[in-house]
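Asker: Sequence:
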Amino acid sequence: MTIPAVPENNFPKARFGPSYLSAAMEKIFKWSTPEIYCEVLEGDASDRSYFRVSIKDEVGQKSPQSLIVMQLKDPVPEPETDFTRILKFFRGLDLPTPELFYYDVPMGLLFLEDCGILTLEDQLNAFPQSKAPLYRQAVELLVHMQTRATRAIDSTCPAYHLKFDVEKLMWEFNFMLEHYVGGLCHLPLKRLARKELSEVFVPLCELLAAEEPCFTH
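The numbering of the sequence shown is my numbering, which starts it at 77 and goes up by one.
Certain hints may be false.
[Claimed, not checked] Label pairs and their computed distance ranges (CB to CB): (1) P204 <-> P279: 37 to 43 Å; (2) R167 <-> R128: 38 to 44 Å; (3) V152 <-> K103: 19 to 25 Å; (4) V219 <-> K103: 38 to 44 Å; (5) L210 <-> E102: 38 to 44 Å; (6) E111 <-> Y211: 38 to 44 Å; (7) L260 <-> E102: 39 to 45 Å; (8) K103 <-> T226: 37 to 43 Å; (9) I104 <-> Y211: 23 to 29 Å.
Because the hints were derived from the structure by calculation, they are not lab data. Ideal placement from N, C-alpha and C gives every residue a C-beta, glycine not left out.
Start from the sequences, fold in the hints, and give me the full structure.
Answerer: Below you can see the structure in the form of structure tokens.
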């Protein structure tokens, strides 16, 4: 839902309102606009919230017409988060990343480049004749990310301290059973069925955990 800027109203699910956005836009891009629109976006599988902020196009305006506000679950006192550290890590490897315009630490809000609404699936549906080159481009990017990051990673990167060991892999499997099978598919499993599946998952997790580690995202 898109909501016109009304100073006394906050946007749904947001810790901010139109008056805050107006001030933030002026601070980031050095100009203000009377018309700001905020749309709640579907998030990823995390506790972050996302909003697309659109602004009226003015003559001679060089700043973007829209951006993404990423709202952390709770503000953190540190000037860096795992997100900003990974962002810098990727940029140092010449990998495509969204621009970070501004991070309001006390509010826990990150103002990011809007990369658009088209997904790979959208492109494949719109241009089925381009399926092979689109998939090739996507796979090449994943390979670049994995190989460059695996060579370059050190203790300054948050991912260096995380590992998909047996415990973590089993947590992912159980998360899938609860939220995908039980939640999205509405097929909750009985205790015995979950136990039997876990007994199958454990050897698979042990096999995966024994593989040579590499960077993944």
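Asker: With 38 to 44 Å as the target window, see if R167 and R128 comply at their CB atoms.
Answerer: With a Cβ separation near 23 Å, R167 and R128 fall outside 38 to 44 Å, so the hint is violated.
Asker: For the pair V219 and K103, does the Cβ-Cβ distance stay inside 38 to 44 Å?
Answerer: Given range 38 to 44 Å: holds, Cβ gap about 39 Å.
Asker: Tell me if the beta carbons of L210 and E102 are separated by a distance inside 38 to 44 Å.
Answerer: holds, 39 Å
Asker: Can you let me know if the beta-carbon spacing of I104 and Y211 is within 23 to 29 Å?
Answerer: Check failed, 36 Å falls outside 23 to 29 Å.
Asker: When you take the CB atoms of K103 and T226, is the distance between them in 37 to 43 Å?
Answerer: Holds: the Cβ-Cβ distance is about 38 Å, inside 37 to 43 Å.
Asker: Range hint 19 to 25 Å: satisfied by the CB atoms of V152 and K103?
Answerer: holds, 21 Å
Asker: Per the hint of 38 to 44 Å, is the separation of the Cβ atoms of E111 and Y211 within bounds?
Answerer: Holds: the Cβ-Cβ distance is about 40 Å, inside 38 to 44 Å.
Asker: Could you say whether the range 37 to 43 Å given as a hint is met by the Cβ separation of P204 and P279?
Answerer: holds, 39 Å
Asker: Is 39 to 45 Å respected by the C-beta to C-beta distance linking L260 and E102?
Answerer: holds, 42 Å
Of the numbered hints given earlier, the model fails hints 2, 9; all others are met.
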